[in-house]
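In case you want the letters, here they are:
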Amino acid sequence: GAVVSQHPSRVICKSGTSVKIECRSLDFQATTMFWYRQFPKQSLMLMATSNEGSKATYEQGVEKDKFLINHASLTLSTLTVTSAHPEDSSFYICSAPGAGELFFGEGSRLTVL
Amino acid sequence: SQKIEQNSEALNIQEGKTATLTCNYTNYSPAYLQWYRQDPGRGPVFLLLIRENEKEKRKERLKVTFDTTLKQSLFHITASQPADSATYLCALEVSSASKIIFGSGTRLSIRP
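Those sequence lines, one after another, are chains A and B.
If you read the first sequence in the working numbering, its first letter stands for residue 1, the second for the next number, and so on.
If you read the second sequence in the working numbering, its first letter stands for residue 1, the second for the next number, and so on.
Hints in this document: simulated from the structure, not taken from any laboratory.
Every residue, glycine too, gets a C-beta built ideally from N, C-alpha and C.
Careful, some of the hints might be misleading.
Taking lysine-lysine and the DSSO-like style, the derived pairs with C-alpha atoms no more than 27 Å apart in a straight line are [as the list claims (entries may be wrong)]:
#  : chain 1 : residue 1 : chain 2 : residue 2
1  : A       : K20       : B       : K99
2  : B       : K99       : B       : K55
3  : B       : K55       : B       : K3
4  : A       : K55       : A       : K41
5  : A       : K20       : A       : K66
6  : B       : K59       : B       : K17
7  : A       : K41       : B       : K3
8  : B       : K59       : B       : K99
9  : B       : K71       : B       : K55
10 : A       : K41       : B       : K71
11 : B       : K17       : A       : K41
12 : A       : K14       : A       : K41
13 : A       : K64       : A       : K20
14 : A       : K20       : A       : K55
15 : B       : K55       : A       : K41
16 : B       : K3        : A       : K64
17 : B       : K99       : A       : K55
18 : B       : K17       : B       : K57
19 : B       : K17       : B       : K99
20 : B       : K63       : B       : K3
21 : B       : K99       : A       : K41
22 : A       : K66       : A       : K14
23 : A       : K41       : A       : K64
24 : A       : K64       : B       : K99
25 : B       : K99       : A       : K66
26 : B       : K57       : B       : K3
Facing chain A, according to a computed beta carbon distance under 10 Å, are these residues of chain B, among others [as the list claims (entries may be wrong)]:
#  : residue
27 : V45
28 : E52
29 : S104
Looking at chain A on its own, in the form it has when it is part of the complex:
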């Protein structure tokens, strides 16, 4: 199946700093990518839909200025958590749609100290 690579897998940062997470589709082109956040023992919550060549679509309650999404090419979408705080600590997962399924990255565990 198609492969989505997500990097970094783990990141620890200090409060107030920014962290960038990359999501790449390795063997296919993705005009759309989805970014999810998952807190421990909870399900995936959709944060935003990343669209190549246009602005991302954010879900209600997700701050656009805090979670910057850039879909720079057909194989790369990035999520930048700006001015991170401990409450932003979570598991962030990207995915790209295929034929009837989502292909997920391995996720990025963010810990903000």
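Mind docking chain B on chain A? Use the hints.
Below, chain B without anything else, positioned relative to chain A:
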């Protein structure tokens, strides 16, 4: 309001038995419904998709049913094995918004 609910947060069964997981939704009319498996610290992996005009779909030891009247999908694992232990998520497409949303997941544990 719109909801996707997986009634059991956790399910423990004996190896060899059939595991049955439930997914209910309200105020959606999905064209299809999907099931994913997620292991701890990993991204979900797609298992099966069932369309609104299909009542049942099978893949090896997996079986999924979809009842659009009851607004419910059942996910069965027959001859369960300890390796089947994981969290299972149902998901459906919100076609009006071209996005996929997930249920809360059921953590399945198969004991030897």
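Practice task
Tell me, in ascending order, the numbers of any earlier hints that this structure violates.
Solution key: Of the numbered hints given earlier, those the structure breaks are 4, 15, 19, 28, listed in rising order.
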